[in-house]
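Undergrad: Model the placement of chain B on the given structure of chain A, informed by the hints.
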Amino acid sequence: MVSYIWLFLIIIGIGYSFLTGNLDIINDSILTNGNDALDLMLSILPIIVLWTGIMKIAETSGLLRKFAKLVEPILSRLFPSVPKDNPALGFIASNIAANMMGLGSAATPFGLKAMSELQKINDKKDTASVAMITFLVLNTAGVTIVPTTVLALRIAHGSVNPSEIILPGVIATFCSSIGGLLLDYFIRRRSNK
Amino acid sequence: MNMFSKIVIPIFIVFVIFYGFKKKVNIYDAFLEGAKEGLMISFNIFPSIIAMVFAINIFLDSNFVNAVLGVFNPILSLINIPLEIMPMALLRPISGTATLAIMNDIFIKYGPDSYVGRLASVLQGCTDTTIYVLALYFSSIGVKKIRYSLGVGLFADLVGITVAFIITMLFF
Chain A
1 MVSYIWLFLI IIGIGYSFLT GNLDIINDSI LTNGNDALDL MLSILPIIVL WTGIMKIAET
61 SGLLRKFAKL VEPILSRLFP SVPKDNPALG FIASNIAANM MGLGSAATPF GLKAMSELQK
121 INDKKDTASV AMITFLVLNT AGVTIVPTTV LALRIAHGSV NPSEIILPGV IATFCSSIGG
181 LLLDYFIRRR SNK
Chain B
1 MNMFSKIVIP IFIVFVIFYG FKKKVNIYDA FLEGAKEGLM ISFNIFPSII AMVFAINIFL
61 DSNFVNAVLG VFNPILSLIN IPLEIMPMAL LRPISGTATL AIMNDIFIKY GPDSYVGRLA
121 SVLQGCTDTT IYVLALYFSS IGVKKIRYSL GVGLFADLVG ITVAFIITML FF
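Protein chains in written order, with the numbering used here: chain A, 1 to 193; chain B, 1 to 172.
One or more hints might be untrue.
Each computed SDA-like pair below joins lysine to any residue, with the alpha-carbon atoms no more than 25 Å apart [as the list claims (entries may be wrong)]:
#1 A:Lys124 to B:Ile141
#2 B:Lys6 to A:Cys175
#3 A:Lys66 to B:Lys24
#4 A:Lys120 to A:Leu181
#5 B:Lys22 to A:Gly62
#6 B:Lys36 to A:Pro46
#7 B:Lys22 to A:Leu50
#8 B:Lys36 to A:Leu112
#9 B:Lys24 to A:Arg65
A few chain B positions that, by computed beta-carbon distances, are all more than 12 Å from chain A [claimed, not checked]:
#10 Val71
#11 Phe72
#12 Asn73
#13 Pro74
#14 Ile75
#15 Leu76
#16 Ser77
#17 Leu78
#18 Ile79
#19 Asn80
#20 Ile81
#21 Pro82
#22 Leu83
Just so you know, the hints here were simulated from the structure itself, not pulled from any lab data.
Backbone N, C-alpha and C define an ideal beta-carbon position, used for all residues, glycine too.
Okay, chain A solo, but in the shape it has when bound (with noise of 0.2 Å):
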């Protein structure tokens, strides 16, 4: 999939600058893309690590645990199809607070462990069950509240204020999240009928 999207971009790029014999623009683009690249790198690697320096106290003293025990009550009532006890639970619940403490690829690895979890307890083994889709839902519209990358390359940028995005990020990401809630339960409903 990113393939055809990476293909296309260049093709377009390519082709329209050759099209509109902007070719002198596309070859200094392409030879000075390196830098910007590294530009780009540099500007967030450090924000990462600190932030997955400073998450991995709230790993191993057992918060990140406890945040997800808080969330669970809720959880088991999105996800009504999985036993009480069922350790997929635990897995969303550490994928979520993952998730929102912007730490997308350290959420990766619970929410492989919580798929398989549900794999488990599903009747046809290649067919998505309803509480995998519900998951993934609550996945990828993941609330956000430290947007690690976002606020690196604001501050690298010289944003005057760059944690002012937090707030209307939080609220854009929350009504994405009850929107797909809303639209997966529906369906589910529908179906049960």
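TA: Leaving out everything else, chain B in the frame of chain A:
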């Protein structure tokens, strides 16, 4: 409102470190261990950043967006949506690195505190890359029939992106 966004991170950090200290975790070693993981993560995403910045820069520098998507400009400006943000809104569910590269480009051209810069920031933070996550998670357990999941996921993205536009307009 402004105060809230300024104190949320410092308070969170103090809380995490102090909690770890009270639970007798070796906070410094834990930090170093996590930081090492973070370094590995950054190292792993570096190739995809190079690949995406490469493609996005060619795409944006070709002026295709202005020339072709510019057709929609009258409609977009009517609802106060800058044209530069459109590629980002369209690519958001597919590739997080691609939109990161576009956001970087917007910050260079207009600055992070411009309206379009703020809009890009909110957009980047508000949803995850639905298509990528679905592909990764379902393929990891061998599920082939994904039923209505893509539809619901993209619907959630659409809600998030729409709200991001409205909220940014109201806030700034």
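Undergrad: Could you run down the list of hints and mark each one as holding or not?
TA: The hints, checked one at a time:
1. A:Lys124 to B:Ile141: Roughly 12 Å between the alpha carbons, so the hint for Lys124 of chain A and Ile141 of chain B holds.
2. B:Lys6 to A:Cys175: Judged against 25 Å, a Cα distance of about 23 Å means the pair holds.
3. A:Lys66 to B:Lys24: Between Lys66 of chain A and Lys24 of chain B the Cα gap is close to 16 Å, so the pair holds against 25 Å.
4. A:Lys120 to A:Leu181: 23 Å, holds
5. B:Lys22 to A:Gly62: 11 Å, holds
6. B:Lys36 to A:Pro46: It holds: about 11 Å lies between the C-alpha atoms, which stays within 25 Å.
7. B:Lys22 to A:Leu50: Holds, because 21 Å separates the two Cα atoms, which is no more than 25 Å.
8. B:Lys36 to A:Leu112: Satisfied, since the Cα-Cα distance of roughly 22 Å is no more than 25 Å.
9. B:Lys24 to A:Arg65: This hinted pair holds, its Cα atoms lying about 16 Å apart.
10. Val71: Holds: least Cβ distance 14 Å, greater than 12 Å.
11. Phe72: 17 Å, holds
12. Asn73: 17 Å, holds
13. Pro74: Nearest chain A Cβ is 22 Å from Pro74 of chain B, so the label holds.
14. Ile75: Holds, since 22 Å exceeds 12 Å.
15. Leu76: The assertion about Leu76 of chain B holds, with a minimum of 19 Å to chain A.
16. Ser77: Nearest chain A Cβ is 21 Å from Ser77 of chain B, so the label holds.
17. Leu78: 22 Å, holds
18. Ile79: 16 Å, holds
19. Asn80: Nearest chain A Cβ is 15 Å from Asn80 of chain B, so the label holds.
20. Ile81: Fine: 15 Å to the nearest Cβ keeps Ile81 of chain B off the interface.
21. Pro82: 16 Å, holds
22. Leu83: Given a closest Cβ separation of 16 Å, the condition holds.
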